[in-house]
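Engineer: Residue strings, one per chain:
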Amino acid sequence: MNTNSPQAGRTSHRKLVRKLVLLAVGMFGFGFAMWPLYNVFCDLTGLGGRGVKVAESAGDVQKSDRHVKIRFDATVNSGLPWVFEAKDKSSWVTLGEMTEAWYLAMNPADQAIAGHAIYNVTPPEASLYFVKTECFCFTEQVLQANETKEMPVYYFIQPDLPEHIKEITLSYTFYRDENSTAVAQAAGSDSSPE
Amino acid sequence: MSIETTHSHDESHDDHHDHAPSGFLDRWLFTTNHKDIGTLYLVFSLLMFFIGGSMAMIIRAELFMPGLQLVEPDFFNQMTTMHALIMVFGAVMPAWVGFANWMIPMMIGAPDMALPRMNNWSFWILPFAFTMLLSTLFMDSGGPAAGWTLYPPLSLQGGQSFAFVVFAVHMMGISSIMGSINVIATILNMRAPGMTLLKMPLFVWTWLITAFLLIAVMPVLAGAVTMLLTDHFFGTSFFNAAGGGDPVMFQHIFWFFGHPEVYIMILPAFGVVSEIIPTFARKPLFGYTAMVYATASIAFLSFIVWAHHMFTVGMPLTGELFFMYATMLIAVPTGVKVFNWVSTMWRGSMTFETPMLFAIGFVVLFTIGGLSGLMLAIAAVDLQYHDTYFVVAHFHYVLVPGAVFALMAGTYYWLPKWTGHMYSEKWGKIHFWVSTISVNILFFPQHYLGLAGMPRRIPDYSTQFADFNMISSIGGFIFGASQLIFVGVIVHCVYKSRKAATAQVWEGARGLEWTLSSPPPYHSFNTPPPINASTVAHADEAH
Chain A
49 MNTNSPQAGR
59 TSHRKLVRKL
69 VLLAVGMFGF
79 GFAMWPLYNV
89 FCDLTGLGGR
99 GVKVAESAGD
109 VQKSDRHVKI
119 RFDATVNSGL
129 PWVFEAKDKS
139 SWVTLGEMTE
149 AWYLAMNPAD
159 QAIAGHAIYN
169 VTPPEASLYF
179 VKTECFCFTE
189 QVLQANETKE
199 MPVYYFIQPD
209 LPEHIKEITL
219 SYTFYRDENS
229 TAVAQAAGSD
239 SSPE
Chain B
1280 MSIETTHSHD
1290 ESHDDHHDHA
1300 PSGFLDRWLF
1310 TTNHKDIGTL
1320 YLVFSLLMFF
1330 IGGSMAMIIR
1340 AELFMPGLQL
1350 VEPDFFNQMT
1360 TMHALIMVFG
1370 AVMPAWVGFA
1380 NWMIPMMIGA
1390 PDMALPRMNN
1400 WSFWILPFAF
1410 TMLLSTLFMD
1420 SGGPAAGWTL
1430 YPPLSLQGGQ
1440 SFAFVVFAVH
1450 MMGISSIMGS
1460 INVIATILNM
1470 RAPGMTLLKM
1480 PLFVWTWLIT
1490 AFLLIAVMPV
1500 LAGAVTMLLT
1510 DHFFGTSFFN
1520 AAGGGDPVMF
1530 QHIFWFFGHP
1540 EVYIMILPAF
1550 GVVSEIIPTF
1560 ARKPLFGYTA
1570 MVYATASIAF
1580 LSFIVWAHHM
1590 FTVGMPLTGE
1600 LFFMYATMLI
1610 AVPTGVKVFN
1620 WVSTMWRGSM
1630 TFETPMLFAI
1640 GFVVLFTIGG
1650 LSGLMLAIAA
1660 VDLQYHDTYF
1670 VVAHFHYVLV
1680 PGAVFALMAG
1690 TYYWLPKWTG
1700 HMYSEKWGKI
1710 HFWVSTISVN
1720 ILFFPQHYLG
1730 LAGMPRRIPD
1740 YSTQFADFNM
1750 ISSIGGFIFG
1760 ASQLIFVGVI
1770 VHCVYKSRKA
1780 ATAQVWEGAR
1790 GLEWTLSSPP
1800 PYHSFNTPPP
1810 INASTVAHAD
1820 EAH
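Chains as they are written, first to last, in the numbering used here: chain A, 49 to 242; chain B, 1280 to 1822.
Honestly, I wouldn't trust all of these hints.
A few chain B residues facing chain A, derived, Cβ under 10 Å [claimed, not checked]: (1) N1461; (2) G1524; (3) V1527.
Calculated from the model, a selection of chain B residues having no Cβ within reach of chain A, i.e. all distances over 10 Å [unchecked claim]: (4) L1325; (5) P1345; (6) T1715; (7) D1739.
Output of the computed footprint for chain B on chain A, the stretches with three or more beta carbons under 8 Å from beta carbons of chain B [claimed, not checked]: (8) 59-72; (9) 77-84.
Hints listed in this document are in silico derivations from the structure and should not be mistaken for laboratory results.
Ideal placement from N, C-alpha and C gives every residue a C-beta, glycine not left out.
Hey, can you work out the whole structure from these sequences and the hints?
Structural biologist: Right under this line is the structure:
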């Protein structure tokens, strides 16, 4: 087979080493490529429950007479001193019908704090049929000292939701936004939403 | 003893080159000799084995009784994390590179490794990497404490010393990649004429495959820790949910590295055991080609099973099923290996010198670890076993009486070849029996603890776990102490042993390394040796 004598070594080493180094560099890049690939994969499959679509309006989506139960979950990251909860714990919605849900956030601190909400949907597969037209999670939220704010989500569930899904949980986690320009500029320069 | 070999006269004209450099720095710091570098790797990994082992002793001492007696919980977490990092990257991996350095050129009839200067560099990076890693224990924010898997967000909540951990991992990675490039270049380009791929000893085969695994996955780990570094210090959000990242993605990237990594630690062990068992069974290895293909299959499968470490993250059912079945598939090539070792011993004229004892201990105890791995592979029950002591028992069975026993078997097997002296067989056997009994006292009760629900990486536990933990700790202390016998046997063999080793050393040993004198000349095989049925390790089964 391909046996070289030791004397023939140098040049063939160089070629082989070049290929192996290239492989190592390529795999280093592959590690980073996982980031966009993972996001694309999650968007396509709904993995992680983040496949929610954003639309301008419900448009001409066909209403169906099927109902599913939507549960609302609210969590605050330990870095943010807010109180945050869903106004209703759950509600029944008609597929294809535009629906609204309200969340409440309260800032007990004596200074303005900005936060950002991250959502996910369980079961993850359901996120592919979940369409939001407006959500407080789309933008940064600033709460003045001791302010309480009601925040809406407008959404509908596409009527082609698979039959076996009877219940969907929409979950939000609020994180502190350390780099908020709104809070940094001046306390109290923020206007209330809606 | 006389060291008449067929080509000792080939070496004689080289005698004036045949002396190692005399100065200490020239000999060890600037060396490009594969045997010296192999020795450096082995000594370094033995040192790391004891440093990592002392951390294990602290862990077992704290877990001796329920409640907190000895250490603070945060320090306990640092110990579990550092113990794992040091044992994986500092003890087992460099030890295998040490074996590769010593044995591969001698086994394929090459004069040295392909890239001797890079070889020197890849070793001398390691002491710096581990000094950096260990120095974090003395820093204000302490060592890494989030587990060796470094999962965010926990790992990102550590202090400034985290940067040292990341750079230490980078350096270990660079060292491993350079070492692997060297191994591949040596094996593919430097074999003596006639040493075809399917005539290579199995240890060389397993290392060739291991080296490809290393080059494929160490850079992925480097990428993952780099992302942690920028998340921690430079405000990126790869794994930070608040910024749109996903901590679960880290687990995917980490285990894409992590699963091949466990085979990186065990494949060379398969190789060593496949060399030792035929020697002491005095029969050719059963199913040589099947062994080669089984090794390659295991390596391939290792890339598509990573998420079995993450069954509890909330994967879709199809994902759980895929990773469950793919994982179970690994039992097939592994079973091929175990049955081949057993078949090699079947009706052989077996003798039980220390290397053989360790090799048989490996086959039995590694199989226990493999079977508990199959239990963990069942996604439905893994939800119960996940992150319990059952997992700890499983991977310690495959790593300690698995990889580490194979390292010891290999050490006893080749130590007479390396040093030219026989080690003390009596003390070798004592070392084997004390280690084997104590390692089972140490890890077997942990299966029960895990099944009963004791979580891993916690310094305190509920009182119903008390008895098994005490038994486990006692086993741990005996196992730890018995490794001092190992050091004693090695030191005695190197400096004190009066009993010279023959070139052949073991009656049934076959392969090129046994055609060299014991110890082998500083430069061996400057002229490629003849390859024929009498110098090929597994000739009878290769065709």
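Engineer: Provide an ascending list of the numbers of those earlier hints which the structure does not satisfy.
Structural biologist: none
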